[in-house]
Each structure stands twice: as C-alpha cells, then as structure tokens.
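What follows is the residue order along each chain.
Protein chains: 2
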Amino acid sequence: MSVQRLEQFRERIRQELDRTVDFWVKHSHDPEHGGFFTCLSRDGRVYDELKYVWLQGRQVWMYCRLYRTVPRFHTEEILEAAKAGGAFLRKHARVGGSSGLWKCAFCLTRDGRAVKIQRTIFSECFYVLGLDELSRVTGDRDMQVEAEQMMEKVVHWVQEDPSGLGRPQLPGDTPSSSMAVPMMLLCLVQQLSEGRGPPTALKYQRVGQWCVQQILMHLQRGGMAVLENVSVDGAELQGCQGRLQNPGHALEAGWFLLQYTSQWGLQDLQDTAIRSFIEGPFHSGWDPDHGGLFYFRDVDGHCPTQLEWSMKLWWPHCEALVAFLMAYAHTRRPELLECFTQVYDYTFKHFPDAQSGEWFGYLTQEGKVVLDFKGGPFKGFFHVPRCLLMCENMLDQILGRDQDQVPDQDQVKSQN
Amino acid sequence: MSVQRLEQFRERIRQELDRTVDFWVKHSHDPEHGGFFTCLSRDGRVYDELKYVWLQGRQVWMYCRLYRTVPRFHTEEILEAAKAGGAFLRKHARVGGSSGLWKCAFCLTRDGRAVKIQRTIFSECFYVLGLDELSRVTGDRDMQVEAEQMMEKVVHWVQEDPSGLGRPQLPGDTPSSSMAVPMMLLCLVQQLSEGRGPPTALKYQRVGQWCVQQILMHLQRGGMAVLENVSVDGAELQGCQGRLQNPGHALEAGWFLLQYTSQWGLQDLQDTAIRSFIEGPFHSGWDPDHGGLFYFRDVDGHCPTQLEWSMKLWWPHCEALVAFLMAYAHTRRPELLECFTQVYDYTFKHFPDAQSGEWFGYLTQEGKVVLDFKGGPFKGFFHVPRCLLMCENMLDQILGRDQDQVPDQDQVKSQN
Numbered sequence: 006m007s008v009q010r011l012e013q014f015r016e017r018i019r020q021e022l023d024r025t026v027d028f029w030v031k032h033s034h035d036p037e038h039g040g041f042f043t044c045l046s047r048d049g050r051v052y053d054e055l056k057y058v059w060l061q062g063r064q065v066w067m068y069c070r071l072y073r074t075v076p077r078f079h080t081e082e083i084l085e086a087a088k089a090g091g092a093f094l095r096k097h098a099r100v101g102g103s104s105g106l107w108k109c110a111f112c113l114t115r116d117g118r119a120v121k122i123q124r125t126i127f128s129e130c131f132y133v134l135g136l137d138e139l140s141r142v143t144g145d146r147d148m149q150v151e152a153e154q155m156m157e158k159v160v161h162w163v164q165e166d167p168s169g170l171g172r173p174q175l176p177g178d179t180p181s182s183s184m185a186v187p188m189m190l191l192c193l194v195q196q197l198s199e200g201r202g203p204p205t206a207l208k209y210q211r212v213g214q215w216c217v218q219q220i221l222m223h224l225q226r227g228g229m230a231v232l233e234n235v236s237v238d239g240a241e242l243q244g245c246q247g248r249l250q251n252p253g254h255a256l257e258a259g260w261f262l263l264q265y266t267s268q269w270g271l272q273d274l275q276d277t278a279i280r281s282f283i284e285g286p287f288h289s290g291w292d293p294d295h296g297g298l299f300y301f302r303d304v305d306g307h308c309p310t311q312l313e314w315s316m317k318l319w320w321p322h323c324e325a326l327v328a329f330l331m332a333y334a335h336t337r338r339p340e341l342l343e344c345f346t347q348v349y350d351y352t353f354k355h356f357p358d359a360q361s362g363e364w365f366g367y368l369t370q371e372g373k374v375v376l377d378f379k380g381g382p383f384k385g386f387f388h389v390p391r392c393l394l395m396c397e398n399m400l401d402q403i404l405g406r407d408q409d410q411v412p413d414q415d416q417v418k419s420q421n
Numbered sequence: 006m007s008v009q010r011l012e013q014f015r016e017r018i019r020q021e022l023d024r025t026v027d028f029w030v031k032h033s034h035d036p037e038h039g040g041f042f043t044c045l046s047r048d049g050r051v052y053d054e055l056k057y058v059w060l061q062g063r064q065v066w067m068y069c070r071l072y073r074t075v076p077r078f079h080t081e082e083i084l085e086a087a088k089a090g091g092a093f094l095r096k097h098a099r100v101g102g103s104s105g106l107w108k109c110a111f112c113l114t115r116d117g118r119a120v121k122i123q124r125t126i127f128s129e130c131f132y133v134l135g136l137d138e139l140s141r142v143t144g145d146r147d148m149q150v151e152a153e154q155m156m157e158k159v160v161h162w163v164q165e166d167p168s169g170l171g172r173p174q175l176p177g178d179t180p181s182s183s184m185a186v187p188m189m190l191l192c193l194v195q196q197l198s199e200g201r202g203p204p205t206a207l208k209y210q211r212v213g214q215w216c217v218q219q220i221l222m223h224l225q226r227g228g229m230a231v232l233e234n235v236s237v238d239g240a241e242l243q244g245c246q247g248r249l250q251n252p253g254h255a256l257e258a259g260w261f262l263l264q265y266t267s268q269w270g271l272q273d274l275q276d277t278a279i280r281s282f283i284e285g286p287f288h289s290g291w292d293p294d295h296g297g298l299f300y301f302r303d304v305d306g307h308c309p310t311q312l313e314w315s316m317k318l319w320w321p322h323c324e325a326l327v328a329f330l331m332a333y334a335h336t337r338r339p340e341l342l343e344c345f346t347q348v349y350d351y352t353f354k355h356f357p358d359a360q361s362g363e364w365f366g367y368l369t370q371e372g373k374v375v376l377d378f379k380g381g382p383f384k385g386f387f388h389v390p391r392c393l394l395m396c397e398n399m400l401d402q403i404l405g406r407d408q409d410q411v412p413d414q415d416q417v418k419s420q421n
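Chains as they are written, first to last, in the numbering used here: chain X, 6 to 421; chain P, 6 to 421.
Treat the hints as calculated values from the structure; they're not laboratory data.
Below, a list of computed lysine-lysine pairs in the DSS-like style, where the Cα atoms sit at most 30 Å apart:
id, chain 1, residue 1, chain 2, residue 2
1, P, Lys121, X, Lys121
2, P, Lys373, X, Lys354
3, P, Lys121, P, Lys158
4, P, Lys96, P, Lys31
5, P, Lys158, X, Lys121
6, P, Lys208, P, Lys88
7, P, Lys208, P, Lys96
8, X, Lys373, P, Lys373
9, P, Lys373, P, Lys31
10, X, Lys31, X, Lys96
11, X, Lys31, X, Lys354
12, X, Lys88, X, Lys31
13, P, Lys121, P, Lys31
14, P, Lys158, P, Lys96
15, X, Lys373, X, Lys354
16, X, Lys373, P, Lys354
17, P, Lys121, X, Lys158
18, X, Lys158, X, Lys121
Quantities reported herein were computed from a predicted structural model and do not represent experimental measurements.
Next comes chain X alone, as it looks inside the complex (with noise of 0.2 Å):
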C-alpha cells in the first residue's frame, strides 16, 4: 500500500475527529446542571435530556484523555467541560441499592435525580474511567481515590460475589460468563495501571491476568468461533445464548488483547488476538452481499432473535478499525492492511454526515440509515473519538511522524 493512500487514511480521520469534537462541544453541554446531554437530533438538538451514565463517564474520559494528549485539544473549554461532567458524576451517579452506596444509577434526570438502576457492572466501571482520567489531567487525588475504591467493588461483584448488584438467584439461570465483564475489566486495568507504581501496579496485573485468561474461555469450536456467553468454566451453553456471537464485540476484545501483548510481550497471545479474535470474526461477521459487519450472528446459523441483528452499527466498524491498524503495527502483514482498508472504505461511504458532522449510528443491512440521530441512549462521545484518535496515532507511528506532544508542565495541574 502507497505511503500516499496511508496520508490519505490519516488526514481524513484527523478531519472527522475534528468534526466530531466541534459536534459534541457545541450540542452536549449543559451550562444549568453541569454533565452532558447524550441524545441529540441529527443536526445536534436535544431531543431527550436524560443523561445516560455510560455515556457520562465515557464523555468524561474521552475529553480528557484528548486534553492529556493531543495538543491541539489541550484547551480550557474541553478541560472544563470535562470538569462538569466530572462533578456531575460525583454529585449524581452513586444511589446506592442494596449494596450501600456503591450502585451507580443508569441513566439520570437533567437535574440528577436517579431514573433508573442496571442490576450490571457497567454504569460503574464508566464511572471509573471517567473519573481515574480526569484525575490524571487535574491532579485530583481524591478523585483517583474514589475511582480506585470503585472499582475494588467491581471487582469484588465480579470474582467474588455478584449479590450486591441485585439479581435473583434462580435455579434454572445456569451461571455463565458474559466476554463483556472481562473486557471492560481489562480495559478498566490498562486505565488503572497507567503509569502508577508497584502496589497498584501488582494488584491491576493479577486481575488483569485473570480478564485475558477469561477471555479467551470464549474461543470455542478450536479456535474457530468467539462465542459472547460460556459457562463459567468455559464450556459451551445451550441455545440462543449459547451461541451468540457478536463480530464487533470480538474485533474490540482482540485489541485489548493486543494492547495487553504491547505491555507484557506475549508472542502466542498476539498470534491468537489477529487470528482468532480479529480476522476470524472480520470473516465471518462481514455481509458478503452488502458490506459491513453484521451486528449479532448465531455460530451455527440459526436467525439470531436480536430484532437488529442484521443491521449494520457505527461501533463495531470503528473497533474493526482500530483492530486491523493496531494487528498492522504489530505484525507489518499486508493482508492486515488491506482488511484494514475494506472497512474503512465501508465506514467512510456510510457512517459520516456530511451535512451535519459526526457519524450515523444505526444503517440497515443494505446500508442506508434509519436512525439518524448522532446521539442516544448508547451513543455518545466515545466510540467514533476513541477510533479516530486511535487510528491517527497508530498512522502517525506507521508513516514514521512524530506525534505532537502536550507539554510536559501541562499535563498534571494541581486544583489548587
């Protein structure tokens, strides 16, 4: 592939980011309560206020890590922004449950007041990011405190005992693991264990140990299927459940595990995340007829029941994206290059609004939208950043640039 095609990759992205940044700034922002709106219109109106937790903390950290490392987000605006959206979790996440004051809620009112609880892990682990971020950028020690004193808690509901998150007991309910508690985890572990010394560092290594060997319980059929749901002792489970698949899930997991490999340098692990969990899934979950990544399939071809599991999502194309650059970077293979290349020429036809900025979300199979809005209740700030950021560092080091860099003496300010 021509250097020039690589320039071209790169200057494109670098132009969505900006587009996508400007969108968020200008449209998300609540000056009254502080926080982020989430559901916004096409051309970027409110058209619900509830302020959906996940989407909170991910905005959060999304700004922030932009502010820490990218000089030209490096300004007051997106630093304060990110500062009330910080406050406002502090202020409103939390409401506790039957497990003390540790359950984050949902989703919120404009002002704040609880809506609604998920009996999962998730609402609190982007309450983590969020905050162990920001306070990576502001100094906040009290801050890294409370993210880290969360995610204890994750990780006891997860290794140790799930009573506190609320769900019944029942005795048909086989216990089974989920492929998204890990990654969240391990993701959660990368952010934790940035930077930070031995006692920290040694705690987040044994769960993250524990998150990679979890994942990778669900390559089944020989390595020849990733599989969202397995008992916990990593056997295959009946029906349905058992045999969902979900392409996007799978691409973003083999990053992690590639990340994971960046650190620790394990040859067979990275072998197994482009294989396995990368181009198996790329294969088998693209629509030969109509491009794009189906969102759900079932392994053994059954019609999955997800009403939208032909539809094709904006979020498992941006983790195919960042997939194939980072197994590129990795390996130098071509062919990497080019599956690369089929899905951004997919993603960039179909995804970006021309006329209003930032991404479609949802497409039909066939590929026109039928949601048009760029924010709801699971899009936010987060997914179409995060790749684009991604993917103009990983091009900048693939071309051979260097990547501007935020001054050192700005990366850390004191709150005092």
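Given chain X's structure and the hints, the job is docking chain P onto it.
Showing chain P alone in chain X's frame:
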C-alpha cells in the same frame, strides 16, 4: 365490496388458521416435560428449548378457545396439549419472589426451572388467561380459583401497591402509566367475567371501568394521538418515553374498547375507539412508501430510539385486521372495510410462509423477511390464530352465515 370478495377473505383466513394450528400441533409439543417449545425455526425445528411463560399461557388459552368454540378443533389432541400446558404452568410458573409465591417466571428451562423473572405483571396475566380458559374446558374449579386469586394479586399490584413486583422506587422515575397495563387487565376482565354471576361479574365490572378510563387517558393532543406512556394523572411525559407511539398497540386497544362497548352499549366510546384508536393510529402508523405498519413512531416526528422502529411486525397487522373488521361489523361503514382490505393485502402478501406454513414475524421496512423463525421469545401461538379465528367468526357474521357450534354437552368436561 362484493360478497365474493368477503367470501375469498373468509376462505383464505380459514385455510391459514388450519395451517397455523397444524404447525404448532406438529412442532411445539414437548411430550417429555409438558408445556410448549416456542422457539421454532422456519420449518418447525426447535432452536432453543427455553419455555417463555407469556407464550405458554397464551398457547393454553388459544388451544382451549379453539377447542371450546370451533367444531373442527374440538379434538382430543388439542385438549390434551392444552392440559399438558396448563399442568406445566401450574407446576412451574409460580416462583415466588419478594411477594410470597405469586410472582411468575418470565422464562423457564425445558424441565421447568426458573431462568428469569420480570418486574412486571405480564407473565402473571398470561398465566391467568390460560388457566381460566382451561378451567372452562375441563370444569376444573380449583384451577378457576387459582386464576381468580392471581388476578386479585395483579389488580393489587396495579391499583394499590406495586412493591411486590420488586422494582425500586427512584426519585427521578416519574410514576407513569403504560397503556399495556390497562389493556392487559381489560382483556382479563373480559376473560374472567364471561358467563359469571353477580358477585364476580360486579367485581370485574369495576376493574373494567377503571381500565377503560386508564386507556382513554392515553388519548392526547385533543384526541389526535394515542401515546404509549402518560403520567398517572393523564398528562404528557417528557422526552422519548412520552412521545412514543405504537400503532399496533393502539389498534389492539381500539378493538378491546369496541368489544367492551358491545357488552355495555356505549355509543360515544364506540365512536372514540374507532376514530381515535383505530383510524387515527392506522393512518399515522402506515408507511406511505412501502406499506405496512411501523412498529414505533415519535409523535413529534423525531427518530425513535428503538432500533427496530421501522420494521414491520406480524402482530400489529393482526390487530389491525381484527380492529377494522370489528369496526365494520359495528357500523357497516364501507371505508372501514376498505382499510381492512388494505391491511389484508399487505399482510397476506408478506407474512404467510407458503413453503412451511405459519407466518413470518419480522420484516424490514421494505418488506423483506429478516428473522425467518416462526416462534421466538415473543412470538408464539397467539396473535396469528387469535386474529384468524376472530376474523373468520366476524366474516361469518357479516356474511350472515351460521357459525358452526360445538355441541353444548361437550363444552364443559368434568375432570372426573
């Protein structure tokens, strides 16, 4: 419209009902554990053994209603299957929870162990529906009492104290009324009060009046829009939840109200049911480009956040067929028969499967089958046969035919 056309409708509907009954009798029975498999692929194979309680109760009801009222379905095979379904429900559905032993599971394993419990009333309602109808066939007084006691519990949860359902009360969760709840209760009121004497009939009469009043609260914007969710005192709710419309649901509410008016003779309510719950939602919910009823709409024209909003599902079309034929039978207004024909043409062109029998359930906006199974977690032996049975009966009535009757002495069998 010519009598010939009506005869054609009737003949096709009768054939489809026979094919649908054949399909479920052939493929859904579980001789080992009782109850019904509901996850049936296009050709009837079981692709998941989970037993969904909504669908168990509905299939018991439908079998018994066919057995009790239609001579050609008055067979031992159907009676025995209904009894086996009822026995499975009584043995396994009630699983306790925070309110004693009243909560029913949402789904069970093949052998009856609880997998999931919803914090709503619907599993319990379909339990009531199935058992009451079965008790009418078998003369099982104990089963009838069981159904009535569960109904009392459901009414208690809905009208007095929902805490037994296990939902936490959250400060930002504005108490709201979902139209599904009074619709479901009105359906049960009609089921339980059929042919019952004064004390029972009077009790249910009061509940029925409450349901009608509650359903009418969902008529908003000067009678121009039916909204799925309103506040408990009948005001519009903010955001997506408040703007949500479900045309098929409004049409179903329409014929529930019409049935109620035939019992109580309420001309104003008949006019409202036809104009506001049937004609209005039909015209605003019909897709002008591709035909068929949208699954969801936003009353202000925003994009709904449900990924499946633009899909064409089988059941709204079933409800529309029943609603327009019933409205025509009540009024003999020819334009109602024109609407019936419009729905009929779309429905019979798209949903029945000429190859394997029964109906597909899920089409894209453009009318392509996108989930090809015949039964799934929410599609069982209910909407299709209920619609076909009711339409066959109404066409007989419109055509002035005598309906075949099951001989009186066969209607109630003693268990002895």
